[in-house]
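*Asks:* Below, each chain spelled out in residue letters.
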Amino acid sequence: MSRQMTGAEMVVAALEDQGVDTIFGYPGGAVLPIYDALFQHPNVKHVLVRHEQGAGHAAEGYARSSGKVGVLLVTSGPGATNAVTALTDALLDSIPLVCITGQVPTHLIGSDAFQECDTTGITRHCTKHNYLVRRIEDLPRILHEAFWVASHGRPGPVVIDIPKDVQFASGTYVGPQNIVHRTYQPVVKGEMDRIRQAVAMMAAAKRPVFYTGGGVINAGPEASKLLRELVALTGFPVTSTLMGLGAYPASGPNWLGMLGMHGTYEANHVMHDCDLMIAVGARFDDRITGRLDAFSPGSQKIHIDIDPSSINKVVKVDLGIVGDCGFVLDDMVRLWRSEGHGADRAALADWWERIEGWRRRNSLGFTNSRTTIKPQHAIRRLYELTKDRDTYITTEVGQHQMWAAQHYGFDKPNRWMTSGGLGTMGYGLPAAIGVQMAHPGALVIDVAGEASILMNMQEMSTALQYRLPVKVFILNNSYMGMVRQWQELLHGSRYSESYSEALPDFVKLAEAYGGVGIRCDDPGELDAAILRMIDTPRPVIFDCVVEREENCFPMIPSGKAHNEMLLPTGIDDWGAPDLGAVIDEKGKMLV
Amino acid sequence: MNALTPPPASPPSPYSSALATSNTEPHTLSVLVDNEPGVLARVVGLFAGRGYNIESLTVAEVAHAEHQSRITIVTSGTPEAVEQIRHQLERLVPVHRVTDLTIKGHFVERELAMVKVRGKGENRMEALRLSEAFRGRVVDATTESFTFELTGSPSKIDQFVELMRPVGLVEVSRTGVAAISRGPDGM
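Protein sequence lines correspond, in order, to chains A and B. Numbering-wise, full-length UniProt numbering puts 227 at position 227 of the first sequence, and it's gapless, one number per residue. Numbering-wise, full-length UniProt numbering puts 113 at position 113 of the second sequence, and it's gapless, one number per residue.
Please keep in mind that the hints were generated in silico from the structure rather than gathered at the bench. Accuracy of the hints is not assured; some may be wrong.
Unchecked claim - Restraint-style ranges between C-beta atoms, simulated for each label pair:
#1 A:A442 to B:S76: 50 to 60 angstroms
#2 A:Q197 to B:P184: 32 to 42 angstroms
#3 A:P504 to B:A48: 35 to 45 angstroms
#4 B:V161 to A:S496: 52 to 62 angstroms
#5 B:S173 to A:P78: 35 to 45 angstroms
#6 B:S145 to A:I179: 55 to 65 angstroms
#7 A:Q197 to B:G105: 21 to 31 angstroms
#8 B:P184 to A:E585: 52 to 62 angstroms
#9 B:S173 to A:G298: 54 to 64 angstroms
#10 B:A48 to A:A113: 44 to 54 angstroms
Glycine residues also receive a C-beta, built at the ideal position from the N, C-alpha and C atoms.
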């Protein structure tokens, strides 16, 4: 089907043909023709954010919670540069985005025109791919190709930079049916021989572990089901990265909790002592491995990943399988059954006994208080009071993020939106807006810190404008808590610039935006206050005043191995900890 | 100070030592790409952004109708690092194919250089004699200078340039390495 139309109309037609119902953006001179084509559009809903970074994170939240491609539309120059943080965030966390940027007319490109920047140059390093469309003839193909590239293989952000004269030009629009990408054809089916070998290794394992990541979530809900099936069939323990939470349920019997820098004692010790590691859609990030030369020294490693460059990138593995987690897990489940494999039950029983020993250390334990709200307690109460609802959690970045990952139990995929790879403060509120747009009836909560939330606070206006009842649950300890914790550990408790001075009154701030503010500093009133938040059908800022100098434990200090963890004071691996002395000079160089 | 007992000694990882002792070696990569704006910037940016070396780089369109260019890159690194470079290149959307010629087997490597030498009398004649020994060609001459064109392996050109230094080397322009595998098969 081909039709004559302008470039701007092609953009909107392509969005419709790609099944896009919601986009996030901010108008400006170089995208006015596209905004004109969108004016009162019946099928494509535009959400006006208050800053382009917010548009990017909202699109990420939308994408991660719905499995669809997130779309943002911004103008040239500052519009594009403001989106760069969100694009980088999506690149590191493999979130499919299409970002349409306006550009000055082609005859002005390179002349330092008003609101001109080299968008494709700037975004080349923070996108999976990008395009500058110089000719109207190329526009329809590029629009559809961008969606293909963003959502196939390892997902990621794609930028389409469209000069204003191309938006005004007329041309022939073609639909997505005939678009086949010439070069980009990622492998999704894993090699059968390798999968067979993997299954045989699993059957022979004595101390196995599944180490799963965001790739399982990206592979769709079916992949999570298959993972659960494979775990149930084999009886192996399973741990997950921050990005993979929810693929295997936190309430499941084989769940070890999250692994890595703030992972559980049992998960990290299992990783260290296992004899077979099955990495599924995880990329051996430095938050996961800790000290590389002491990472799981005695194990054979199987790595399943859709991105061939992830395999053997930081950790050398014994068996790499390139493919989509969903397809590979499906083959594994089938082979395990059809070839009549069984796990080594006796060895597994011993393994689980050791795991129970590690579990008894209760690494997520904390000393509760009757006078001040402990942040861990606040998350646990939030979990208990929301777990039976249709709940989605987003976060900002810092201690609150780790406490949410540790103490909120995720039983389903796509329910947990957080900035893992880039660690972007200011992610949570716009992401919550994106989630709420995709799931209008759901309860969407941004677990925040008082410092992070101020980075994209302006998006409260967006929430109000579109009547999105998102809840911002601030664990307010008056510090950039993770920075303070590191300063305590590494810099002699000199809290340089990490105190949240001159904080706003969050209750009044919520009211100023037209939302509802709730403040709570009494553990005895916490439940009632949380319930009031849940029952308020409008945007809420919940200022939860918590213990100020609580540290986030357990922790693998920088430069240490999985079996060298810090536990809550008094029960760590060393006896009595002097935190400052635990990390050596080399460790201090790391982040 | 606190009584920090070191954790029990664990056996060294089989990989850490392997990574540390592996030798850096040169590899020649052929990369077939769509000849579109920015493709060279993508490839070069990847090397810069991930801290890989480029020792030589050449690029030209090789299939006009298909808009395809061939980039030849000489890089160096451990075998693991070079494998990673290959995968990272393959990940770029406009890249069709990447071949590590060094791993694939025998290949021919050639570079073209133009070398300008200034001098009179015996130096001038010595420069000419040496260029003949290297099968160079004179592409420009004045009464006090020669410009030689020389084709060969990079080491041959290095050697020639060194010989020209005492007889009046002015400047050198080199194309970088073009390479192709031996035998009947394409990349």
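*Asks:* Let me make sure I understand: some of the numbered hints might not hold for this structure. Which ones are they, in numerical order?
*Replies:* The structure conflicts with hint 10 only, although it agrees with all the remaining ones.
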